[in-house]
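Here the protein sequences come in this chain order: A and B. All residue numbers for the first sequence refer to full-length UniProt numbering, where the first residue is 1 and numbers rise by one. All residue numbers for the second sequence refer to full-length UniProt numbering, where the first residue is 1 and numbers rise by one.
If you're looking for bench data, these hints aren't it; they were derived computationally from the structure. A couple of the hints might just be wrong.
As the list claims (entries may be wrong) - From the structure, some residues in chain A lie toward chain B, with a derived Cβ separation under 7 Å:
1) T308
2) H400
3) Y432
4) W446
5) I474
6) T475
7) D497
8) F504
9) H525
For every residue, glycine included, the Cβ atom is placed at its ideal position computed from N, Cα and C.
There are 2 protein chains.
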Amino acid sequence: MTLQDARTPENGSTDGEKPQIGWHKGYVSGSRPDLRVPVRRVHLTNGKDVTLYDTSGPYTDPQIETDVRRGLAPVRENWIIARGDTEEYAGRPLRPEDDGIKHTSPRGGLRNLDAVFPGRPRQPRRGRAGTPVTQLAYAQRGEITAEMEYVAVRENVSPEFVRDEIAAGRAVLPANINHPEIEPMIIGKNFLVKVNANIGNSAVTSSIEEEVEKMTWATRWGADTVMDLSTGRNIHTTREWVLRNSPVPIGTVPLYQALEKVDGKAEELTWEIYKDTVIEQAEQGVDYMTVHAGVLLRYVPLTANRKTGIVSRGGSIMAAWCLAHHQESFLYTHFEELCDILAAYDVTFSLGDGLRPGSIADANDAAQFAELRTLGELNTIAKRHGVQTMIEGPGHVPMHKIKENVDLQQEICEEAPFYTLGPLTTDIAPAYDHITSGIGAAMIAWWGTAMLCYVTPKEHLGLPDRDDVKTGVITYKIAAHAADLAKGHPGAQEWDDALSDARFEFRWEDQFNLALDPDTARAFHDATLPAEPAKTAHFCSMCGPKFCSMKISQDIRREHGSALAVDADAEAGMAEKSKEFAAAGNRVYLPIAD
Amino acid sequence: MTLQDARTPENGSTDGEKPQIGWHKGYVSGSRPDLRVPVRRVHLTNGKDVTLYDTSGPYTDPQIETDVRRGLAPVRENWIIARGDTEEYAGRPLRPEDDGIKHTSPRGGLRNLDAVFPGRPRQPRRGRAGTPVTQLAYAQRGEITAEMEYVAVRENVSPEFVRDEIAAGRAVLPANINHPEIEPMIIGKNFLVKVNANIGNSAVTSSIEEEVEKMTWATRWGADTVMDLSTGRNIHTTREWVLRNSPVPIGTVPLYQALEKVDGKAEELTWEIYKDTVIEQAEQGVDYMTVHAGVLLRYVPLTANRKTGIVSRGGSIMAAWCLAHHQESFLYTHFEELCDILAAYDVTFSLGDGLRPGSIADANDAAQFAELRTLGELNTIAKRHGVQTMIEGPGHVPMHKIKENVDLQQEICEEAPFYTLGPLTTDIAPAYDHITSGIGAAMIAWWGTAMLCYVTPKEHLGLPDRDDVKTGVITYKIAAHAADLAKGHPGAQEWDDALSDARFEFRWEDQFNLALDPDTARAFHDATLPAEPAKTAHFCSMCGPKFCSMKISQDIRREHGSALAVDADAEAGMAEKSKEFAAAGNRVYLPIAD
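Next up, chain A with everything else stripped away, as it sits in the complex (with noise of 0.2 Å):
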């Protein structure tokens, strides 16, 4: 493996050059030139680099001119071609209703869609009749795919074993071969601990523009995928815009735009409008998508008596569509007809909690524990058909009830990788939802889920705005980073030891640059001291300069370096610092300028 360094833009230091200070965009090649690993490089001003995981695509890299007009280049082209196993066809016509337009205009067709998207066409492509071209088929057939490489390099792993935990069904790589533009990743208990951003307009607010804004937002900040989970007018537009500007996996709800095209009407939905749907949203190259196929009819008393009855979106969809037609739901009965649609686009399976609960009171209920356990069946039956396979997990769920959900999950999936949404460790606190599951999240991420999805601020009181969508990313990547951490993931303490280090040595700009918000922490220590020197000072902003304990910690170490050695004569030897300290004249602060 090679380091390519990308020009940062801050310093205008040139291409191959590294900056002083500062981070810029690095690459780690594979065996092959055309796999490239984006990293962030951090420069610290002791000349120490730390090298991070970056999310943020080629948008931060000044080198690749990006236009969302045009959107990115298909960097997995190639690879998916040269399997031989997919084939470019036609596709599904485009129809006004599929951006939730009733009213056809005489020549009908695209022309009635808002703001195509104006890059160039794609023909879709799937795979040759009866073959699963899924990363589940080759893992299981023993072979290791560019993409496998790629997320080998980003984890620093061996590509056999991203090969052997996707083959096992533990850990999913989400990448449809309609969505070229992606830098493949894995979501697994045994890799990083990932983190999805929601986006998505609604009939009540928000537009293409803003949405494809929050997904490149929401992939700065550190986004490992994005749903899109708009359900208002524009709904295939707004996704064409998104994947085709998007670095990331895109997971989508496709039940919410099946729902657009009968009105909003749960019990008009067929098999044949859903089926549909899921081939629109293939050939656009949806990477995953939510599928509320464990709600059974059976399973809908049971949450009869609950707190807040159904609250997931599609859950109390299909238990409307059960109830209506008193009969289990087409995505139940056609489940392996869906799995061979998915596998010739490898679709991943993001198989939905649509029972999960909306409440601490709710939690690990028999209603929650039942769609499990269906989840479970499907998620065999979609392995046997090359589909790679998610699980979503809840919800509202006190801290001691949590761990069960992991648990219960890892048995009866066999281990599929757990997705969980939070979960919310209260009820009390609407407007600070990031933080009540923040908590649920770390927690949750310990134990064994794998992805997790973020909640913001505005949970249960309205959209996110860009802010909100920032804070949820940095959030969840607190939970995951402190999961990854907990499970001893290697390398990941690295990053803490590293601003540790800064702390302690007073090195302001470094732990700035290390910090997961750079901006913010440069912001709020500027508020306090603003001065320029105050960032080299030897002292923080908390305690002035006399108080400071990592200087009087600092002085101590200079003082005392070799008799605080722990060593047999750790006590003569400090009795003999002792008098070279008061000789030196007792000085336990030392100048600021020292």
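Starting from the known structure of chain A, arrange chain B on it as the hints suggest.
Only chain B this time, still in chain A's reference frame:
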């Protein structure tokens, strides 16, 4: 017990009447007329009431006129006098250096102090010679004080239980006899988890007014105690203003002021200067004091190879003193004398963890646990002297090392209340350390910590302002309540249930009024759906009218209510109900106006 309700300012209802909705200050009476325990009474639109613990003091009672220049009424004064075991005395004369003022005016004394507190002068009070006047001593003798009854009402337990927990040393009731203004509260693992907020000016920034304002602001949002960690000028006077206006116990670190008196030269500290400072603060009414008596000379070398040395200010000062003198600290060698002083005022010990880890790398190391064992010995000595004692804890600890901290502390310190700072579960997120630590705080409280010391977003970066104080308190109230839930504390879940009921029934105003922070919850909701009718609309602002899962779920319950009961006839009932549903037009969505 009877309920006395104060008038609500917002709705102008007359005395004794309850408001229709919103909240107001109420009181629960004990066995004597002067024992009135404040509560926050939330009145819901469905006619129900929810009673919540209230820390905000007389400031939120419109029937009480407060004036920070006069201070709060000494509600405990008669109780203290009636016990007949204390005496007033002249007290220690105030000196300019108490406020960090070095030059002496010709007339000396108080005239040199800035902004002297103008309220009524009060003679200090102390226990008659040789008699500990502590809640611990009373409890050990089997007495139930008015303070114990007060907290029994407040915590909804029996006075005998309170007495027994205090007598066993498992709980403390910090209540200096010179701080008669407080509303008594209790800290112990078998009571509600408490939250402390730190305030305090420093040499660098802040003023007296700001600190008093921060104290009332912190208690308004739920701080159970406040520590005044001032270090610059006006330490004595700032503390006087804070104490006279504080309805909650005030903690300090006397070492900070003592160090100011020797111009910041740690090695010049003496037992006499320290003792004089402790008496000064005890006469003012400080309720608990952090004492770093566990930093022994032989432990200092254990920190030499740490990533971040000694990060506790008190710990580093005492370590420097030990090294300079090459002997055990005066805190350790005079510990029994210190106990006798604290016993004469009922000041509670908060035995400081001067060697707590300041980074993930240093968690649970030899230095930390060596000091903990010494704190255990000191705890036993303090109890023998009748002094209430709690033990401070870390710091920076990754999730998988948190539980060991509580378990060891509980074992070594005979279940004395644990009082922890966070812990922060990762070092990588300066500017978000309320969250990195909120995660650890919730967990450590679940496992047995009795009080959590908050961390604000400015931790490591600067001094918290008003907004930071609020964010820190709310974050820690979340952690404390999440722990109360996980511990199965009786009644804790009622709050969550009330809010979740309101959420499920679209009672938006009730949701806001029940929220930990009603203002922000309401503002966030209004940002998406500002119109007043939206607050009663039967859909959420996230999903719009058609998609709201809560609404679908409610509709299901309404249409199928009887059939959804989980009984033997469920299936049959559902089939029948399904027909009814179809007959009613398959309406899944009812009109919004419904």
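Hint-by-hint comparison with the structure:
1. T308: 5 Å, holds
2. H400: Given a least distance of 4 Å, the restraint on A/H400 holds.
3. Y432: 6 Å, holds
4. W446: Check passed: Cβ of A/W446 comes within 5 Å of chain B, closer than 7 Å.
5. I474: OK, holds: A/I474 within 7 Å of chain B, min 6 Å.
6. T475: This hint holds: A/T475 lies near chain B, its Cβ roughly 6 Å from the closest one there, short of 7 Å.
7. D497: At 5 Å from the nearest chain B Cβ, A/D497 passes the 7 Å test, so the hint holds.
8. F504: 5 Å, holds
9. H525: OK, holds: A/H525 within 7 Å of chain B, min 5 Å.
This entry satisfies every hint, going by the numbered hints stated previously.
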